[in-house]
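S.K.: Heads up: the sequence lines are chains A, B and C, in that order.
Heads up: the first sequence at position 264 corresponds to 264 in the working numbering, and the numbers run straight through without jumps.
In the working numbering, each residue carries its 1-based index in the second sequence increased by 1000.
In the working numbering, each residue carries its 1-based index in the third sequence increased by 2000.
No lab work stands behind these hints, which were simulated from the structure alone.
Check each hint, because a few of them may be wrong.
[Stated by the list, open to error] Listed next, the in silico DSBU-like pairs over lysine-lysine satisfying Cα-Cα at most 35 Å (straight line):
no.	chain 1	residue 1	chain 2	residue 2
1	C	2426	C	2303
2	A	288	A	143
3	B	1006	A	143
4	C	2068	B	1036
5	B	1009	A	83
6	B	1006	A	137
7	C	2776	A	228
8	C	2779	C	2298
9	C	2775	C	2313
10	B	1006	C	2068
11	C	2102	C	2779
12	A	190	C	2439
13	C	2779	B	1020
14	C	2439	B	1002
15	B	1006	B	1036
16	A	288	C	2691
17	B	1036	C	2269
18	C	2691	C	2434
19	C	2776	C	2395
[To be verified] Negatives, chain B to chain A, calculated, CB over 12 Å:
no.	residue
20	1019
21	1128
22	1159
C-beta atoms are modelled at their ideal positions from N, C-alpha and C, and glycine is treated no differently.
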Amino acid sequence: MLAAFEYFAPKTVEEALSLLSKYKDKAKMIAGGQSMLVVMKQRLLTPEYLIDIKGLTALDYIKYDEKQGLRIGALTIHRAIEKSPDIQKHFGVLSEMEGNLATIQTRNWGTIGGNLCHSDPAGDPATVFIVLKARFKLASSGKERIIEAEDFSTDYLEADLKPNEMLIEIQVPNPPPHTGTAYEKLMVMKGDMGVVGAAVSITLDSKGGCQDARIALSNAASIPLRAKKAEKVLIGKTINDGLLTEAGEVAATEADPPNDVHGSAEYRREMVKVFVKRVARLALEKTKAAR
Amino acid sequence: MKGEMKELKFTVNGKPYELKVKPETLLVDLLRQELKLTGTKVGCLDSACGACTVNIDGKAVRSCSVLALQANGHEVTTIEGVADGDELHPIQQAMIDHGAIECGFCTPGMVMSARALLAESPDPTREEVKEAIQGNLCADAGYVKYIEAIEIAAKEIRGGK
Amino acid sequence: MGETKSEVFGNYSILGKAIPRVDAKAKVTGQAKYAADFEEANMLWGQIKRSPYAHARILNIDTSKAEKLPGVKAVTTGKDFGGFKWGWSGPTRDEEPLAVEKVRYQYEGVAGVAAVDEEIAQEACDLIEVDYEPLPGVFDPFEAMAEGAPLVHEGRPGNICVEYHWNFGDVEKAFAESYLVREDTFQTPRQAKGYLEPPAVVAYWPDPDRIVYIGAKGSPYFPYRILARCFNLPLSNVRIITPIIGSDFGGTKNDMTPADFSAVMLAKKAGRPVKIVTSQFDTLTTDLRRHPMWITVKTGVTKDGILKATSLKAVADGGAYTRMSPLTMFLVGTCMTLPYKLPNFKYDAYNYFTNNPSSAAMRGHGLYHSRFAADVQLDMIAEELGLDPVEIRLKNSIPNPKSGKIYKTVNDVHVATCGVQECIEKVAEAVNWKARKKKVEGYRAYGLGFAAATYNSGTKLSAHNACAAIIRVCEDGSVNYLTGATDVGQGSDTIMCAIVAEVLGIKLEDIDLKRVDSAFTPVDPGSYGSRVTVHAGEAATKAAQDAKNQLLEVAAEQFGVKPDDVDIKDKKVFVKSNPERNMAWERLVRIACYETPGKVIIGRGYSTQGISMYGLADFSKGVGDIGTNYSFTAQASEVEVDVETGVIKCTDNNVIAHDCGFPLNVQAVETQVQGGSYHQGISAAVYEEFKMDSGQTLNPNLVDYTRPRAYEAPMTQVIHVITNDPYGPFGAKEASEGSCCSAPPSIISAIHDATGVWINDLPAQPEKVFWALKKKREKGQK
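Excised from the complex, chain A in its bound form (with noise of 0.2 Å):
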């Protein structure tokens, strides 16, 4: 049972954006809600003002673009993420993801959007546009801007969001040729949040060299954590067993990973060590794939 509240459901993106701008931090904006009404049937969270998007339609998009790349907007459901054949083609690391996101009940209802903005650093979606290069666009009355999505958490279910603004769209580049990306997590059931996680995306010249390397963690600290010294581990290099292993290594150094029910700091540690090898792998073997 909720505690009561003063509800709207904008119809547009402008209206949303002005009720915003009016209540600020007194309200709350709700999408899916799936991650939301948990806490909120809990008597965590207890609004005042409840800002319901769910049914701006105008931001339930998937655009792909040869060029630009991939647009979604911040109302798709994860579902919908998981089975466009433009993301199984081009970005299949998206679609495989939220195959393993909760289960088809939540990712029928859930947003994107909503998800990101939880900013849980145990989130899945998160980790995995930080390797992608993936951009926020984030919108208040009149303004917008861009984030880049490994800045845009910024402490535990904290994000750069200010009072008046709300997440529109997530931007993802087309990936250079010779890229394979990956993300897997450690679960007990399909559909667990990962009790650590790890997101690699590993591009190679044309000599089979690693050009570029992008290693992300989740619940391994307060945010989804880009481990940029355990990409260094492997840039510039011809990628062999032992250097997946240091970059495992280091990854885990970066990591400050919580200490809870599912799994001790300790063992979270061992764990990234196991999933950046892991996932690194798959993401080579993946580069084979790409053009």
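Got chain A; can you put chains B and C on it based on the hints?
M.R.: Structure of chains B and C alone, referenced to chain A:
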């Protein structure tokens, strides 16, 4: 104003409704308490058990994690709307015939998830069947006969092929 | 893929086949009503105020603000109950409906409110002010037993709740003569019952001295008696109505909660019906859970692996109140002498009070702990002696007694049928045990584990065995079956109806089961201890036979023959020596009811089998039968171990052979066995555990408390082993508590097979397995 009733226009099991609803009402509570459709169950507070699963526009959704007002303009189907009068849906019949149902608390949610699956994938793999009910906790049956029943129903719907 | 057709056993019209459940249609269409689906006119919503402290004195409760809140119609506190205490049996009545002097576990109920809606009830609860004096507490048996530890109950020194010391044969001498003696310690976790339906109750007083209680209770006659005593009413004034129940597994829905008492008291005070629906959070923080136990097994064997002696020590965390712990600790020990021959046996049991929520019965009650420890240790012994795990089991197994003979254990457990050898052989064959090979694929190591188990069936307890059935044949040939037996999802309603239809010679659809309503149905102990099929089944058989005999007399008169020359089959009444002389069932019933001069055909029956044979068990000495008969199970489980992360997965290579005597409903036995294995067994082995910190549950939600799901479920194959027990109706014994007991050791042995590591302390969650593997690797490197 806080608690001010808002208008909700939607269909449930094919029947149109125009209601005034308190915004904090969850869809599951509206279904159970206002519309007296108690077939949809409440099993948890964590959006984890799936006993509250309904179909919204044919897709499986947890009704405990949807504000009633968000159903505005949508078609909701609950377990009560699955059978065609006295004629059970093949999924329902298969679950009975195959002995899947024990205490039955998870059953409505299982049916709704399976119904949505078979509408989308008439010839699902075993993996797809398992995934479709991954969000539906059961505590009794061990899932085996539910999985098999859904496969039997799928075959039946496809005309036995 | 897809279908598995159930086999047919025996030569019956209805039994021995796949019988669709009588309540399946109602459940699959959403028509079935569970407790929370009930409504009464003018109903109020209730809510319970709970203590934030695990151990505290209650100094004062001020309900004045709550009472003044508009919409609040009644408030109750512990004092309203006038010092009433209840418990599982006379000597163990140590619990109050709502705490009065002190609270002993976190979220223990201290007050209740009833209001016109849920929101106001919640608000009113928040307005109740309670002054507590927090007290130091004890949170596991080791803290509880420590010198000078705070007492959970005054007058219970050392926090000892239950203590047994049994001794059979000469264990020390046998150890001295053994080729190998091993001592190993195991630990079983605090496990949630796992039922999906949180308990709910609707209560009202139709008259100033009558109660109506609608609640999800697996043993409705418990609240029947307890509420009568609590409110000082004759039993006939307490009406317990049982809705469809969303599972129980032997715990809270078998017992009373603060919500149960409060709903009745609030309804009395408000003069209106009160509904209290508890939440999954309440369930995961306060409902009864399986005892966490520390089990030390010391076993001596010959060089060939024949068991000579076992000494078992069990230390249990019983939680805040006694509840059923005396039975739990008895069960842990009693079947150590099954399914293998054990000539010398010693048992020391200690169950402690702690400031945790109470522990109580759970599917696989008692035996799950000790059979897990004993069977894993047997594999350890096999490994040490270089023996095959299946061979060592076959060697030690009790053979199936010949017809008419009884196998008696050293602690006076009587077994008329024991199919464990056949179970073991059939499972070994099904998984091609002899040809099994080690399999490793990258970081995935596979292992196959084997286990055997037993479970007591038709549990009988002192002063609590009355189990009766009434059959009323209506004038049109339809039949009412009135029973106190409760179907909590295990399918007992269907079995009872099937038995009645089989005996009467009519169809399943002709039987209308009247669910438990204590105004009309006869008393029954309830659903626990796997007793329903055996005891209620016996009562149903006798009641049906009684009704049938009355009808056969009328038929005999009509045909002009003796009653033993008439029978009924497929709804046809016929002369056995001349079947062409027959009439339809409906016709016979009409004649009986309307003519000559119009009988009332009512059949009565009650169960005697369990009680009359061999007497009752003696808990303190450890002798005697807790069961009427015993089921046997063997299981092979294959696991996939991710050796880099410690994550364990079951493969579909999972086979169980179950000797339930005779499978009355073949399909139901399969579903039950699959479910018991996965939900209670495998889940305890690898997934579930309540994590506690000083009495606080750290994972009281279904995200942090891992419940087993469909994707990870093994497609377990069930093999039926038939032994036709003479003490069960149609030869039946319990189905599936055995698989709760066989699954955990089979999984732990499989993990060992895959990795060489023994995880003695359940659950084998990934982190635990990871460190164990790391330790083993490091040890190997030295």
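S.K.: Each hint needs a verdict: does it hold in this structure or not?
M.R.: Evaluation of the provided hints:
1. 2426/C <-> 2303/C: Holds, at roughly 26 Å.
2. 288/A <-> 143/A: violated, 42 Å
3. 1006/B <-> 143/A: holds, 31 Å
4. 2068/C <-> 1036/B: holds, 31 Å
5. 1009/B <-> 83/A: holds, 29 Å
6. 1006/B <-> 137/A: Distance ~32 Å between residue 1006/B and residue 137/A Cα, so the pair holds.
7. 2776/C <-> 228/A: holds, 33 Å
8. 2779/C <-> 2298/C: Holds, at about 25 Å.
9. 2775/C <-> 2313/C: holds, 28 Å
10. 1006/B <-> 2068/C: holds, 30 Å
11. 2102/C <-> 2779/C: violated, 50 Å
12. 190/A <-> 2439/C: It holds: about 24 Å lies between the C-alpha atoms, which stays within 35 Å.
13. 2779/C <-> 1020/B: violated, 69 Å
14. 2439/C <-> 1002/B: The hint is violated at about 63 Å.
15. 1006/B <-> 1036/B: Since the Cα atoms of residue 1006/B and residue 1036/B sit roughly 20 Å apart, the hinted pair holds (cutoff 35 Å).
16. 288/A <-> 2691/C: Violated, at about 45 Å.
17. 1036/B <-> 2269/C: Measuring from Cα to Cα gives roughly 28 Å; hence the hint holds.
18. 2691/C <-> 2434/C: violated, 40 Å
19. 2776/C <-> 2395/C: Answer holds: residue 2776/C to residue 2395/C is near 31 Å, not above 35 Å.
20. 1019: The assertion about residue 1019/B holds, with a minimum of 14 Å to chain A.
21. 1128: Non-interface label on residue 1128/B violated, nearest chain A Cβ at 10 Å vs cutoff 12 Å.
22. 1159: holds, 26 Å
Hint violations for this structure: numbers 2, 11, 13, 14, 16, 18, 21, all remaining hints satisfied.
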